[in-house]
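Novice: If you read the sequences in order, they're chains A and B.
Per our numbering, the first sequence starts with residue 104, numbered consecutively.
Per our numbering, the second sequence starts with residue 6, numbered consecutively.
Heads up, none of these hints are tricks.
Stretch by stretch, here's where chain B covers chain A in the computed footprint (C-beta under 8 Å, at least three residues): (1) 127-135; (2) 138-148; (3) 223-234; (4) 270-279.
Hints in this document: simulated from the structure, not taken from any laboratory.
Using N, Cα and C, we set each Cβ at its ideal position, and we do this for glycine too.
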Amino acid sequence: MLKRQYSIATGLVLLIVLVLLNLPEQPAARTKLALGGLFLPLFGIAGSVQHLTQQIGNSLVPRSTLLKQLERLRKENEELRQQLMQIQDAWRENAQLRQALGWQRRVPWSLQPARVVGQDPANWWRTMWIDVGSRDLIRPNMSVLTSEGLVGRIDKVGPYRSSVVLVGDPNCRFSAQVQEPRDKSVVAKGIIWPSASTLDRLLVDLTFVPGGSLLKPGQTVMTGGDGVIFPKGILVGQIVDVRTNDYGLNLEARVKLAVNLNRLEYVWVLLQ
Amino acid sequence: MNTLNTIAILLIAYLAVFLESYFRGLRNLVGAQIDLLPALMVYAGLSAGISTVALLATLGGLWFDSLSANPLGITVLPLLVIGLIVHSGRDLILREQRYAQFMLGLAASAAAPLFSVLALLGLGAEPLLGWWSLWQWLVMTLGGAAATPFCFHVFDRFKRAFTYQKLQETSFRPDREIKRDRGPHLDYE
Chain A
104 MLKRQYSIAT GLVLLIVLVL LNLPEQPAAR TKLALGGLFL PLFGIAGSVQ
154 HLTQQIGNSL VPRSTLLKQL ERLRKENEEL RQQLMQIQDA WRENAQLRQA
204 LGWQRRVPWS LQPARVVGQD PANWWRTMWI DVGSRDLIRP NMSVLTSEGL
254 VGRIDKVGPY RSSVVLVGDP NCRFSAQVQE PRDKSVVAKG IIWPSASTLD
304 RLLVDLTFVP GGSLLKPGQT VMTGGDGVIF PKGILVGQIV DVRTNDYGLN
354 LEARVKLAVN LNRLEYVWVL LQ
Chain B
6 MNTLNTIAIL LIAYLAVFLE SYFRGLRNLV GAQIDLLPAL MVYAGLSAGI
56 STVALLATLG GLWFDSLSAN PLGITVLPLL VIGLIVHSGR DLILREQRYA
106 QFMLGLAASA AAPLFSVLAL LGLGAEPLLG WWSLWQWLVM TLGGAAATPF
156 CFHVFDRFKR AFTYQKLQET SFRPDREIKR DRGPHLDYE
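Sequences are here, hints too, so could you generate the full structure?
Specialist: Structure below.
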């Protein structure tokens, strides 16, 4: 009797697994999002509790501290306004020159703010969930960034939330260029690859850099813009050290990411 | 009680998967997230029926995969295998012993990620693996092992709270009571 029960239970579960693993990509993604949707109430409650805790914490901050902070932010706002005026001038000039040369006009970035709601529970992927989805015009492969630099790209999109593949995940490889920090000249190009040698989640490898390139620690790494996902010129990180590969044919560098992926709370999605 | 126990196990599994995704303190601290589903499966294997084991493997695995980049269904298999092994050997295991719970949790938490990664590699996926994966595996194994006795403790308390307690039988039997009173006495006088 028990053996029969074992066989039925095992058979049923195996059947479900086989069906799910053999689903085509789109239905599998939809099923995954639908199942993950069961956690939306919990994520919502957790978000509200966190917000409430922050509000309580804010109400306990002394008035003098708030006034100091307000003053600092006013100053920062003034400085940023001045910078914006200068940038707008440069932007107009750039557009005129591009038009004169017949180059394609640059479109200003349109950004959608999002809150990080969860991380991948498995240790062998680097993905996270954000609280914006298709109703916020989010589409797969859009870039995700913060003011500090690149975070990753959008993977699956549900109506109310999306998954983001972080830089350093095996499914987030892209071309990058190394710049000299002083004159911004491009030194070399390579591919950002997950680092398999360190526990530090903030280190990735820059691989397939041609041997003889002048790579040095401290140089900045930006997105190369050669692919279709990330636009050119988003900060990725800084080179930490360099080593030679394949008998000197290639160079490989370890790159410290500019964004601390362990402490992300809010991100921006580039709507392009 | 069986239905209530199954519902409680599934509810805890649902909460465990959510917590694994929501809280990143431990991951930031030690570099790895602990998986609580193998510990729960050990409890289910020793304390519930085969249907509960199958349900926990299916729903727990699917919930886990829905929040992860894993292909949907890949986590179900390791959980099912652990559940079946524990359930089939339940008569030989001293489930009340903390040491036995810890050792079972250790074995289950060590086997589950290994099996998952092997299944992923078999499917052609490229999980992020390196030398530090050994450290993550160690953290998952020890964390899961420590969580197993805690799991038993929580569910035992839950059971005590929601079921009728067994009446304690005493050695007293009214028909064998020795009555020590004065009469009836024979009057020899």
